[in-house]
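Novice: For this one, chain V is given, so just place chains L, S, B, G and P with the ligands on it according to the hints.
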Amino acid sequence: MKYIDEFRDGDIARKIAERLRAEALPGRQYSFMEFCGGHTHAISRYGVAELLPPNVRMVHGPGCPVCVLPIGRIDLAIQLALERDAIVCTYGDTMRVPASDGLSLVKAKARGGDIRMVYSAADALQIARQNPQREVVFFAIGFETTTPPTALAIRTAEREGLANFSVLCCHVLTPSAITHILESPEVRQYGTVPLDGFVGPAHVSIVIGSAPYDHFAEEYRKPVVIAGFEPLDVMQAVLMLVRQVNEGRAEVENEFTRAVTPEGNLTAQTLVSEMFELRTSFEWRGLGEVPYSALKIRPAYAAFDAERRFELGYRSVADNKACECGAILRGVKKPTDCKIFGTVCTPENPVGSCMVSSEGACAAHYSYGRFRDIPVRVERAAA
Amino acid sequence: MKYIDEFRDGDIARKIAERLRAEALPGRQYSFMEFCGGHTHAISRYGVAELLPPNVRMVHGPGCPVCVLPIGRIDLAIQLALERDAIVCTYGDTMRVPASDGLSLVKAKARGGDIRMVYSAADALQIARQNPQREVVFFAIGFETTTPPTALAIRTAEREGLANFSVLCCHVLTPSAITHILESPEVRQYGTVPLDGFVGPAHVSIVIGSAPYDHFAEEYRKPVVIAGFEPLDVMQAVLMLVRQVNEGRAEVENEFTRAVTPEGNLTAQTLVSEMFELRTSFEWRGLGEVPYSALKIRPAYAAFDAERRFELGYRSVADNKACECGAILRGVKKPTDCKIFGTVCTPENPVGSCMVSSEGACAAHYSYGRFRDIPVRVERAAA
Amino acid sequence: MCLAIPTRLIEIRPGAQALVDLGGIRKEISIALVPEAAVGDYVIVHVGHAIGLIDPEEAERTLRMFGELTAQEAS
Amino acid sequence: MCLAIPTRLIEIRPGAQALVDLGGIRKEISIALVPEAAVGDYVIVHVGHAIGLIDPEEAERTLRMFGELTAQEAS
Amino acid sequence: MTTRKDYTRPLDIKHGRVDMGHGAGGRAAAQLIEEVFVKAFDNPYLRQGNDGAALAIPAGHRLVMATDAHVVSPLFFPGGDVGCLSVHGTINDVAMCGARPLYLTASFILEEGFPLAELKRIVDSMAAAAREAGVPVVTGDTKVVEKGKGDGVFISTTGLGVVPQGVDVGGANARPGDVILLSGTIGDHGVAVLSKRESLEFETTIASDTAALHTLVAAMLEAAPGGVRVLRDPTRGGLATTLNEIARQSGVGMLLDEAAIPVLPQVDAACELLGLDPLYVANEGKLVAVCAPEATEVVLAAMRAHPRGAAAVRIGSVTEDPHHFVQMATRFGGRRVVDWLSGEQLPRIC
Amino acid sequence: MTTRKDYTRPLDIKHGRVDMGHGAGGRAAAQLIEEVFVKAFDNPYLRQGNDGAALAIPAGHRLVMATDAHVVSPLFFPGGDVGCLSVHGTINDVAMCGARPLYLTASFILEEGFPLAELKRIVDSMAAAAREAGVPVVTGDTKVVEKGKGDGVFISTTGLGVVPQGVDVGGANARPGDVILLSGTIGDHGVAVLSKRESLEFETTIASDTAALHTLVAAMLEAAPGGVRVLRDPTRGGLATTLNEIARQSGVGMLLDEAAIPVLPQVDAACELLGLDPLYVANEGKLVAVCAPEATEVVLAAMRAHPRGAAAVRIGSVTEDPHHFVQMATRFGGRRVVDWLSGEQLPRIC
Ligand code: SF4
Ligand code: SF4
Ligand SMILES: [Mg+2]
Ligand SMILES: [Mg+2]
Ligand SMILES: [Mg+2]
Ligand SMILES: [Mg+2]
Ligand SMILES: [Mg+2]
Ligand SMILES: [Mg+2]
Ligand SMILES: [Mg+2]
Ligand SMILES: [Mg+2]
Ligand SMILES: [Mg+2]
Ligand SMILES: [Mg+2]
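Just so you know, the sequences run in chain order V, L, S, B, G and P.
Take the first sequence: its position 358, counting from 1, is numbered 358 in this note's numbering, and each next residue is one higher.
Take the second sequence: its position 221, counting from 1, is numbered 221 in this note's numbering, and each next residue is one higher.
Take the third sequence: its position 8, counting from 1, is numbered 8 in this note's numbering, and each next residue is one higher.
Take the fourth sequence: its position 29, counting from 1, is numbered 29 in this note's numbering, and each next residue is one higher.
Take the fifth sequence: its position 298, counting from 1, is numbered 298 in this note's numbering, and each next residue is one higher.
Take the sixth sequence: its position 122, counting from 1, is numbered 122 in this note's numbering, and each next residue is one higher.
So that you can see chain V by itself, here it is in the shape it has in the complex (with noise of 0.2 angstroms):
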């Protein structure tokens, strides 16, 4: 596959590793933060961590749009369809996420709702055009790379005049997060969390571009490097980052530029802003309300708001005590630092939502890189 097996070449990898274990300093920790769950997840799967030089750590940040979904916005999600009876359409990913009094939307199906995985918006489109009898309600997760298309089932709804078509946006955005990360009294004041700088997101600036970015090298005077998925990219990021802290350097550097410029993509953007507006306030998992840091609906398509539409009233739902996940997407803790990781709280039982998709650190952690640290013995199972 063009473009993708280039970027996984072990020899590669091996020169990168090299020049790394040259280049990071004896002396000094390196501590970088993943944005993306598309990084912790390549990280994880091609056991980039087994490349690096034990002095350059790796942080998990929040960029999984799954992991950050909070409770509430589930249960909005599952009351349409078990209450309003309503089809909901959503991607896979969600499916098992937690929500309120042990469901999930996997167990709402299983108890009679009618939702339906799809793997693109205009899935869900389809479907209203299918059941013109039925709401149909699009539940719209992701970050600014998701939001184009789902963009543009809103437009081609309204052009079409689907009456039973809505969304239930949870769009959100990724420099809201970062700031949010970078304001935050860990990193800011007491530097429990020593971050040197960013790999920065992949998918998100082929959309964006990698102009929003230069605002943290200036503020925060941290390095930001934008790298693709593949393990290649993450490799050549962090030994960019390493020569940007070597140097003293706090740059916005693009690793992924055969796919990010710096204005992003502008018909995206376009139709983006036309369908969306800011939220002045949304939930986070693991952060809290996050100012400006979601997009919801423009009363012009008010129509296919399913907010308006069903009158939805959110409520935000308490994670469980137990669960670390809020400091683990901040960045304070690791996986095993939560109690429950991997005892209580498996991919098979997630507690919280680091549990879910295969980007969430804890599902990372206990899905690849568990071999590593558990002290857990496997009995020796009856059957």
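Everything labelled a hint here was simulated from the structure, so no lab data went into it.
Nothing here was measured: the structure is a model prediction, and the numbers come from that model.
Warning: the hint list may mix true and false statements.
Simulated pairs of lysine to any residue, SDA-like, Cα-Cα distance not exceeding 20 angstroms [to be verified]:
no.: 1; chain 1: L; residue 1: LYS334; chain 2: L; residue 2: MET117
no.: 2; chain 1: P; residue 1: LYS196; chain 2: P; residue 2: GLY79
no.: 3; chain 1: L; residue 1: LYS15; chain 2: S; residue 2: ARG64
no.: 4; chain 1: V; residue 1: LYS2; chain 2: B; residue 2: PRO56
no.: 5; chain 1: V; residue 1: LYS2; chain 2: P; residue 2: PRO265
One side of the interface only, derived from the structure: several residues of chain L facing chain S at Cβ under 8 angstroms [unchecked claim]:
no.: 6; residue: ALA121
no.: 7; residue: GLN130
no.: 8; residue: GLY142
no.: 9; residue: LEU152
no.: 10; residue: VAL204
no.: 11; residue: GLU255
Ideal Cβ placement from N, Cα and C applies to all residues, glycine included.
Specialist: Showing chains L, S, B, G and P with the ligands alone in chain V's frame:
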């Protein structure tokens, strides 16, 4: 079971049989039509024919509501289910009646029609209450026995304001069918069907009383004996008919006095005439258009009339060419006179309606009486 | 046609409903069409509705009549 | 997050749809968000929509850069 | 060092429901199998945990295999449930071949959303039935289908049994002059199930006769090893259809005596009310035997000495009839054909 | 005198559909069985027409039984359909116990309204698969469920096989140092099925690998009778889950070499597109074998000499690991856990 078992006593049957043999004049042939399928069924299931003298012949009449249901009426019910997306509720008996295009309600159900078997008209109401967003149509068939419960359902729906319930009314009237047979050329002119008298309806008469039959006895000089549906009732009625014939009488006698009065069930009659009015004409399978032989819903209850509600247009459909149901229902032919009886037409694959209900002349003969006359050789099956 | 069965009325219930018994089987039916029916009566049930009542004396008489020598003797 | 894959655009279809190829797998996707895409381009597909294009020269350059001795040498 | 399983939270049997993950073959499936199935059926074969079970079989026997899918609705009915039914049904089919049932396999198709508590109740009932019959469930399978593509639970069971030397039982063995025996009342199962069908509901004390008949069969075969020609359990289609099947297979006719066929009064009444004929109503704990005339008395005695055959009777005999008609002398004094079931047994109004 | 069957009109296979009567056990059921099932599977066992089949078994073997329900959607997919799948799947489960499969039973749950033409196509495909494998379907059962309570057709099959003397294959037999072999590419079946799923649809030339593996197994066992310790077909849950099962059963760990695991480019691409991992995608014609180290070469040679094992490779080895982790050296140069499948394999966006 009180009032049932006593009327199925084989010892008494033998006594009546003896009387019959004693009283039936050896030189004379007696032909009696049992109007009702209930009698046909009793005769076949209990083996009553075996106990009658050879010169007493029973002719099956058109008194099976399933058998007389024309193809066009089933087509309407199927159309409601398959094209109008209605829930069609119906008595189990109608499920296999052949319709156009090789369909039947069973087959329409297999093709996705939401067709539900009910035990009572009240069940159809309940389904309507439970499915407010769907149209629910009760496919109402039957003679005067079955009409009052339908009338009650309409009255209840009206009082409850059930907006999604309607009735496809196919209720037919016994006396008009009897008149039609007596007026038929075979009976009146050619004498090809020598009818010496009638075994009159049992349960129909509970509702309409015995008085409506007086007319036949007087006008057509035919003895009538109203009889219950138990086998002893039938035998006793035959005995009473033989006696009338022997004595040259043509009266209405009532063997079923334990349930039938001259005036019938006035509560039921009042209710029926409140909801229904006469149709000027109605198609019967086998008999063709019979004037004033069926009921329709009064304009005051038009909202509950599926024919009006869905603007249904009736289309008469000819029976299968080979099928002799018409002649059989008029008493002109016997099942075995039909060329496809027991071969192409079986209860499994009924071609005509007489092969559907176990009260149909063909089905009764196939299922119970076939051993007497079919030169079938059954091949040793492979499995 | 018109399958209908004599059953014993054992309980009258609200809404013109009643519980009937047939050989140990009990079922709720409507007696809206026979408002005169009382507990102990045998009602004739068709498609979940009582459509008439059994007259016990007439039933007796009919049974006695069966097969008697002549029509005259039966009366 | 945001699973997205570079695929080769092999056919443009009505309604801003296009057929793409990835290692022999073909799928119809939307190119409404990249109206500039042409047959032969590698478009980056996310949830059934192309959201961007691959710049082949930049891809080349990046591959060359990997692991080179210093940041300087890569440019 | 603590030792613990790699999943720690046990299934929430009380409130949980089957979801698609339970059928995906991963850890959730393994957990369901372990905590519900293996726990209930517990036996060394199942504990092998392989793709199939390795089994021991006594030497010098012929083998018999039988299989049935069980799809009853409702799943729970007076006297039983789909679980014990699926054990009895297949044990009986094995036994009707004259075999001693030794092992069962069970394959489950669960509908997404099915309550785990009901599943457990069904599996426990199966396990109890298997234990009581002495026939272990040695291997199994579980699939989950989406809500609306199943009906709670379907269970297909397969039985393996061995036929003792000298036994030759089969549907083609009936000969004119043979005697037809029935082990007890007919229609109990079908009426018990119908009594719980939505919209038909009626009150009855009738319970399903669901039961394993292999020990009854063993007693019969022991009493008259060569005298039992045909055995069959009159399940779907009822006694009437079963006898027609035998008549066709053996190329014979039959003549039944209606008065001899035992029907419980409540079954009779329910059939009267719904317009059904008990001859076509399903049984799950009764058998029909065709015996050599000379073996009749000893077989009947053996049946009556067994709890499952206490009410056994002779109901008719095999005749020579090129039409293979099953005929019946009615209690009323007439005669009629008793035909195959046609279509479904539906409540009628006429 | 003309001789004719007691039903004359044959089933309308072309336009007909399954209705409830076909499952009611009466004449319609008998006709369906005769004209569709018996006709296709035709063999002397089935023709016995009894409640079960009486079978012959070679003396001196242990028996193996395996059962599986087959509920694939869509029913027809590139390379196969639920019919042949239900034959291959169970033959393979029997074979994975080291047994030679001899007989199959089949139990069908049909949804009301299912076209008879599709049923016939499926049954014919089953029959062809059974014939090709030399394993007859000896008895069966058919039930019909109401529309909306099934999904076209579900097929549960049970297989019976015999284990030759001296063969001891089982999931608990893996020992540290053993070698893990894989018979060919992974993920073909799952990708072929996904490619036809509504709303995922993509074009591919990938076909399901569905195939019977018993002759491959026979060849392997013949090559190294005592050297094959574990055999398993990585179906639902994929290679990853199958290896975890074995690791748990045997109480060992494993170390795989990602670069050695063969995946077809199109399978790789489809997984990339949908966010799936080929390690978790189902196979229906592949096996995993754990072999004694000294038997590796001869077993591998035997596999490669067989058409179903031509691409057989060594993919890793068994380790001592109290955690029973299956680990993998990535092609990229790192290392990771290969865990059980968790939940369902769903297409992901992130
Ligand atoms: S292990 Fe589970 S509960 Fe703990 S932080 Fe991670 S997701 Fe939350
Ligand atoms: S046998 Fe069939 S086709 Fe012939 S008259 Fe009777 S119902 Fe009609
Ligand atoms: Mg069977
Ligand atoms: Mg059976
Ligand atoms: Mg049986
Ligand atoms: Mg299995
Ligand atoms: Mg259902
Ligand atoms: Mg299996
Ligand atoms: Mg299997
Ligand atoms: Mg297997
Ligand atoms: Mg069966
Ligand atoms: Mg369906």
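Novice: Which constraints among the numbered hints does this structure fail? Numbers only, ascending.
Specialist: 1, 7
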